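Visitor: Given the structure of chain A, go ahead and fit chains B and C onto it with the hints provided.
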Amino acid sequence: MMVTDHDIDSIRPVCASLSTCVAGQVDYVLMVGLHLPGCRPAECDALLCLGDRGEGYPTRLFFAQEITPPKPYNLNWNARGVHILGRSWYAYSWKVPAGLSVQETLQQHLRPLQ
Amino acid sequence: MTVHVRLTSALYKDIRADLERPHEFAAERVGFAYGRQALTSSGVLVIVIAFDPVADSDYEDDPSVGARIGAPAINKALQRAASLGAAAFHVHAHLHAGPPRFSRTDLAQLPPVMEPFAHIVSNQTRGLLVFSDDDCTGLAWVPGERSSRRVSAVTVVGSPMQLIGVRR
Amino acid sequence: MTTERTSRQSFLGDHSDDQFARVSVAVLGLGGGGSHIVQQLGHIGFSRIGICDPDVAEESNLNRLVGATEKDVEVGARKVDIASRMIKGLRGTAKVQVLFGRWEEHANTIADVDLIFGCLDGYAARRDLESFARRHLIPLIDIGMDVHRADGAAPQMSGQVIVSMPGGPCMWCLNYLNNVVLTREAEKYGAAGPRPQVVWPNGILASAAVGIAVDLLTGWTQQRPPIYLELDGNSLTLAPPARLALYDLQKPCRHFPADDVDHHGDPVFKVR
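Protein chains in written order, with my numbering: chain A, 1 to 114; chain B, 1001 to 1168; chain C, 2001 to 2272.
Treat the hints with care, since some could be wrong.
Stated by the list, open to error - Just so you have them, the derived chain A footprint on chain C, three or more residues with Cβ under 8 Å:
| id | segment |
| --- | --- |
| 1 | 2025-2032 |
| 2 | 2128-2135 |
| 3 | 2179-2185 |
| 4 | 2260-2269 |
Think of the hints as simulated: they come from the structure by calculation, not from any bench.
All of these numbers come straight from a predicted model, not from anything done at the bench.
Backbone N, C-alpha and C fix where the C-beta goes; we use that ideal spot for every residue, glycine too.
Chain A extracted, bound-state conformation:
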């Protein structure tokens, strides 16, 4: 999957800056300061992984730290401190299918935090 300028523009409103990288044939979108209204923290760096890293998640959203959602929700943080592209990341178990747009993919991954 190639991340197009249209994809980037569609998610630009929700974070301070965006950059992309391809590694292991998987596209990654690095979102610096992703806005997470009502969460603790309210902003966090995040890494959107637009491919399966072998764990059975077609796509995955990683955060620079664990996030507390606005409503009590038992998130299963089953990726803790995983090392991807030079940084450590955290992710809860949440399956979002492949084939959606980048914007839809991100929206679906953020549903537990809304």
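Guide: Same frame as chain A, but now just chains B and C:
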């Protein structure tokens, strides 16, 4: 701050084999090695993953030096570094055992050859490597620094592993 | 240069002592496997050793943690300090880098080493460590063991030593890592419970790993060291898995292409 270079034994073997080929009139052969850097706690690591020999036709006949290459060869190397977004090193060999040294001519003429790479790929280290039969010496310019640094170690990764160059 | 201390290992070559003194290694994970490795490195003469682990010694470790004592458990000694004590006791001049915490927290330091011994738990951890090692062109020697219990049958003990050499086959090429094991592990996260661990298979695996490292550094066998050994802990055999004969080990690794700049060094993100 240390500068450490790593390359696979397969690439090292290819580089050595190329540099040892005779040339019609040049006493030494030259090439450019490309890679990417990683910042580590002690300094910079340069992982070399490709080598392009200078084409035979790009040498200039000058008996006063071991090898002279002109603008076409350097431009090709600049384009390659730009297209890869790569660290770039000028590479040649002194065919003897033991630690090689840059000659006075090397130190006068090679840094200006590598200067343009700083503008083409400003976020990657550039430098010079000279191999001997069993050792290596290098100089590197790390992004943001004007003066060169000695390459502190060169590791040839493979079976067997070779730890050459000055060890920190 | 051979000394009195290393006179019995002079067969490794005239320059072997220098190699052991010059090379820098890291042992990531100082449990049953890693503690064995550390002890052997100290004995042989490795002098630049990074040791990394986030844990302290507990009662349940004493059945296998080489170098640990009851006193260590009593005071909650860090595993890194136990390992450091062991190395320094064998070689006071050794440069030991104590890295307390998860290896990811010390990635910038580990990137400097010439060789990594991976003694971590789990497939995902191995996946990430191998990816890091390949990106920094560092050979990785991985070890691990497990015991599977099936109803009515004897427990099955197994283990592995895998050498992930940049340019050569990776754990994915060797099918040690695959989507099945990673997915299964992700589904079981948090429910795994304590894994069975005992000292003697760890010793077998650690010894093989150190032996491979010594061969990589000295070339004393004048052969390529094995890249994949499987332990059958029930029959106590350590051998290349039979299925290895089906793989073309000369084929370039397609998971970590050796000639792709984007797979090496610090990741370069394109600002959009």
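Visitor: For every hint, state whether the structure bears it out.
Guide: Here is what the structure says about each hint:
Coverage of the segment 2025-2032 of chain C by chain A is violated in this model, with 0 residues showing a Cβ closer than 8 Å to a Cβ of that chain against a need of three. Residue count for the segment 2128-2135 of chain C with a Cβ under 8 Å from a Cβ of chain A: 4. That meets the three needed, and the coverage hint holds. Only residues whose beta carbon comes within less than 8 Å of a beta carbon in chain A count, and the segment 2179-2185 of chain C has 4; three or more means the coverage holds. Residues of the segment 2260-2269 of chain C lying with their CB closer than 8 Å to a CB of chain A number 6, which satisfies the three-residue condition for coverage.
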